[in-house]
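Heads up: the protein sequence lines correspond to chains A and B, in order. Quick note: the first sequence uses my numbering, first residue 1, plus one each step. Quick note: the second sequence uses my numbering, first residue 1, plus one each step.
It is worth saying that the hints were derived from the structure and are not from the lab. Keep in mind the model is a prediction, meaning the values are calculated, not measured. Please note: incorrect hints may appear among the correct ones.
Stated by the list, open to error - In silico DSSO-like links for lysine-lysine, alpha-carbon gap of 30 Å or less:
id	chain 1	residue 1	chain 2	residue 2
1	A	Lys233	A	Lys60
2	A	Lys286	A	Lys61
3	A	Lys233	B	Lys119
4	A	Lys150	A	Lys318
5	A	Lys93	A	Lys277
6	A	Lys246	B	Lys119
7	B	Lys235	A	Lys297
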Amino acid sequence: MSRTTRRMTLATMAACALALALPASAQDKGALKICFVYVSPISDAGWTHQHDIARIQMEKKLAGKVTTKYVENVPEGADAERVIRDLAQSGCKLIFTTSFGYMNPTLKVAKQFPNVDFEHATGYKTAKNVGIYNARFYEGRYLAGIVAGKMTRTNIAGYVAAFPIPEVVMGIDAFTRGMRSVNPKAVVKVVWTSSWFDPGRESEAANTLVAQGADVLTHHTDSTAVVQAAEAKHVYAVAYHSDMSKYGPDAQIIAVTHVWDSYYTHVAQTVLDGTWKPDHVWGGIKDGMIRMGPFGKAVPQDVRDLERKAEAEIAAGKLNPFTGPMKDNQGKLRLTAGQTITDDALSKMNYYVEGVEGTLPSGG
Amino acid sequence: MDTFAQLVILTFAAGTPLVFAALGELVVEKAGVLNLGVEGMMLTGAVASFIVTADTHSPWLGVGAGALGGAALSLVFAVLALTLLANQVATGLALSLFGVGLSAFVGRGYISVVIEGIKPLSIPGLSDAAIVGRLLFGHNPMVYLSLALFVAVQWFLHRTRSGLLLRAVGESPASAHAIGHRVIALRYAAVLFGGACAGLGGAYMAVAYTPSWTEGMTAGRGWIALALVVFATWKPWRVLAGAYLFGGVTLAQFQAQAAGVAIPSQLLAMLPYVATVVVLAIISRDATTIRLNAPASLGKPFHPE
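This is chain B alone, in the form it adopts within the complex (with noise of 0.2 Å):
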């Protein structure tokens, strides 16, 4: 049973970056944006973290630098598609590149800095002693993070009046223009958010996961977040699904390999991807659901007569 607690708790692990990148990209799409930028974000917000961490000493800090680190490019992002009306594929492309490039040239100087990343929880009487206890509170403070950011969302997009007016401005923001709203504000506290979560997908990364800096180390992460979004049909639970999924199965397939099972590892290694796939085009494969989720006017520039 001792195996089986660590193994929930590494794959909660192995998921938490996905959520939180995933979560923020959910509510920047379900305004009607699509910032490709993620994997960009993340590692400026993964880059942002350690620096502050390695010079304050202070992870929780450098959560927060990490947090604004991922919004501040979004902001790049947000002035181009949303004020200048560029195009949001190529723009979000380009803040991609622009963030791998970036990350990599601000961090030069920390790859051989060691920090005192955050531990998992440890509560005397409670993390180490039953299996409920462990489950319950021996994961990393990131990862109930991560989860507060869930309820959160969830909550926001469907029980507040201005999560209801974000999905309106995704659906159709003439009309939301017309009663009055503002549209392009509104978008661009959306993409905000959104550059945010992903930052903080990166600090966890950087901070926590794998305390350390190094060029390029959310490895793909970010591409994985936005297809989440899409594959989880823009469903906040789903998206959760998905990420601890495909956190549970790369464990598995690791575990698999470890015991020595006769599979080609190539095809373990390709594992993840088409289960989270499959699993997730499972549960959301009714049409006219996918319709209804998918915000109407995703990457459809509006400019306000």
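So here's chain A without its partners, still in its complex pose (with noise of 0.2 Å):
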């Protein structure tokens, strides 16, 4: 009841913000027109912050030779193909696109409009003016694991997540090898709240998981709430999305932060020089889309240099969180020894590694 109603003030509201970016349309007939759909609010933190500060990044690289609109808070769905058709109407040259919902409405529109490239993020499916990109979030989770391994006194972590899809659960296991390469004796505790968005359910979760002796927490959800209930709790956490130092400044120890701006430069520039071509990409730490947050005041130097070292490594590609041999958590063996994961089963991933408790639910 409440998603629906939400919802539907959520198309009206867009549906506004859309009325109002209009009539500006018409100006800078030269520069390239690029426009943005988010799928929230981009309110301080979180997922579609990060998409818009790039968005803002990108304007200034290229200053002059681009113009930005963006529409925030479109619901997917059928909502998201009006508001993508509109953009594309009113002379919007190259759409980003940035929730996996929107795949399909994206797919759709660019049909219509073959002289408008689109760029997709996180979906699998791509056409000849449709382009995908999204990035290994997992890199970052595996180092942000290190810095947990080393800082737990309880060796026990605790992992706010809000739904048991691959994207999250491959996250949940980078963390979990990444604390166990340097801490054995880790574990790793699991709580869903079945909710990209609620921070009274995330703070009762995280306040859960310390009464049950995790002295680490972090989250794959939308809110501040984690790192907030952390730091009420004088226990660490690790940021997800942005840094959220802020709500929790002795709390956070690392953040993983997503980083998009010189990705939507190099697209803009391509579209500009006219050699833009619909691509498939996964980039990670090496690419510059994930950037590890600022050390909290109470990581020691030893720690620091602990993870930066691993970033070098992974950068540079002699690293890789899923290496063999690595067994799920039931003791089956996963990889063999030496044995790196491929893309295809990566993207699949619906099990739990050694070290994390209990079983995951299924529907992944």
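Starting from two chains that each stand alone, build the complex the way the hints lay out.
Now the structure itself:
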């Protein structure tokens, strides 16, 4: 009920935002017009916030050559299709659609506008004028795990996660492997909130994990509640999406942040040059799509060095978080010694690795 | 035992937004008015309390503003539904939608703001002493406020003349009107009280429970509060029990997950809803009691001739 009503309001608001944005479209005839579709409000931290930072950075770097426009808070589905079509009609030549659920709407509109280029985040279907891009967030998770593994006293980390989809599961697994690479006794407890965004529940889940002995918390949900809960309970936290040290000045030991601006600038430049091709980009630390946030005050120098070293190794391609031997938490051998996981296996990951407690809810 | 005390404290903390909102709605419905705008009023209260706290650095001033914000939104409902006799269900739903949008709009500049919220009590020698001390004195001050509200509502409805009158208005507004009582004025008072309580529930979330403002932060608790009133058959103590049961089961399922119990998390996520509905349905299964407690004129517009 609440979901539907919120959606309806959001749709109305998105429509209003669009109506307000349109009159400006006639200006800047010479510049390339680049448009963005966001799934949530820009807000101060989180998924959409990171895309918007990148949009602004790109505009600065390509000043004079591009103009940008965005529509925030667009629900996935029919509304998205309408918004994307409106943008294409209003003269956008390059459109970034930044949520998984925009995949089919993007493809549908792309067919009708062969002269407009589209870039869709986190999807898996390309077309003549639709490229896809995503980041290997799990690399950042692994590095955060190293720091967490060194900082924990109880050897228990708590992980507040939204839904058991491969994207989230590979994050949990990478974090666990990072922790255990420096602390073989470490275990990770996972709590699912069944919601991407519910600060109340996220904070309840975080408190529960602390009550069960976790002294490092991390999250794969959209609010800052877990970091805030960690601050209140005097335990450590690893922030996700954005730097959240403002919400947990003592709690945050490191953050895994998403950085899209060099990619956006690169894509815009190829469109300007006329060399753009639909591509399938899955970038990581090496490509600068993920950056490790500031270390917390509590993190000693040797731990910082350890993390930096691993980061350099990942960037150089010498280290992969999922290199065998790797067992799942039922004891089944998933990768033999020296074997590295394939991208295909990664994108279908549906098991916990050794060190994660409990069983993975099916449905991923 | 330490974990136990912590769990009890967390359960009270989780149930408190529901206690505020549902007790307010109970009074509204006892007066024969159905206001479905609880979610919108909670969010308005949350954003009002957060803005005032951020600007004045006084969370308690913020709590007052939250109550006022919720009441202000409920006034819109009262004018439409009581004076202009608009359909109560439609008006209430519209109020929820409006409140969600309004709070998002008003709060857009405050998303990044960090505030010092209301902290749990910490009385040296009491809150940290033995387990009893922690259980009695370890809660957030607003939890005590919600319990005081419960006592007040219970006492008002069943021990005072005005409470009797309020219930009479909910049962048969025509009779109350005939013997000279001002039905509309009373209903206005009830609706405003309900709005203020929902606002307090929102304020608790924004300045005590998860001190922050984000759009839609109550995440459906207003709707749960509405359901709670019906399943509790309009009895304050059952509302209280239902709210804590809901909070407790929510936490218990997180505990079970963290402990690695092999039950699908999707199933566990349903549990708070199922448990609350089942338990409340069982304790209030007697059809006669339900009929006796349900306000006979609930949701029916009344126009004094």
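Now for the hints, and whether the structure bears them out:
Straight-line distance between C-alpha atoms of A/Lys233 and A/Lys60 comes to about 41 Å, which puts the hinted pair past the 30 Å bound. This hinted pair checks out: A/Lys286 and A/Lys61 have alpha carbons roughly 21 Å apart, not beyond 30 Å. Restraint check for A/Lys233 and B/Lys119: satisfied, since their Cα atoms lie roughly 12 Å apart, inside the 30 Å limit. Of the supplied pair hints, the one linking A/Lys150 and A/Lys318 holds, its CA atoms being roughly 22 Å apart against a limit of 30 Å.
Distance restraint check for A/Lys93 and A/Lys277: the Cα-Cα separation of roughly 14 Å lies within the 30 Å cut-off, and the hinted pair is therefore satisfied. For the proposed pair A/Lys246 and B/Lys119, the alpha carbon gap of about 18 Å is at most 30 Å, so the pair holds. Proximity of B/Lys235 to A/Lys297 is assessed by CA-CA distance (about 51 Å); at most 30 Å being required, the pair is judged violated.
In this structure, the earlier hints numbered 1 and 7 are contradicted, and the remaining ones agree with it.
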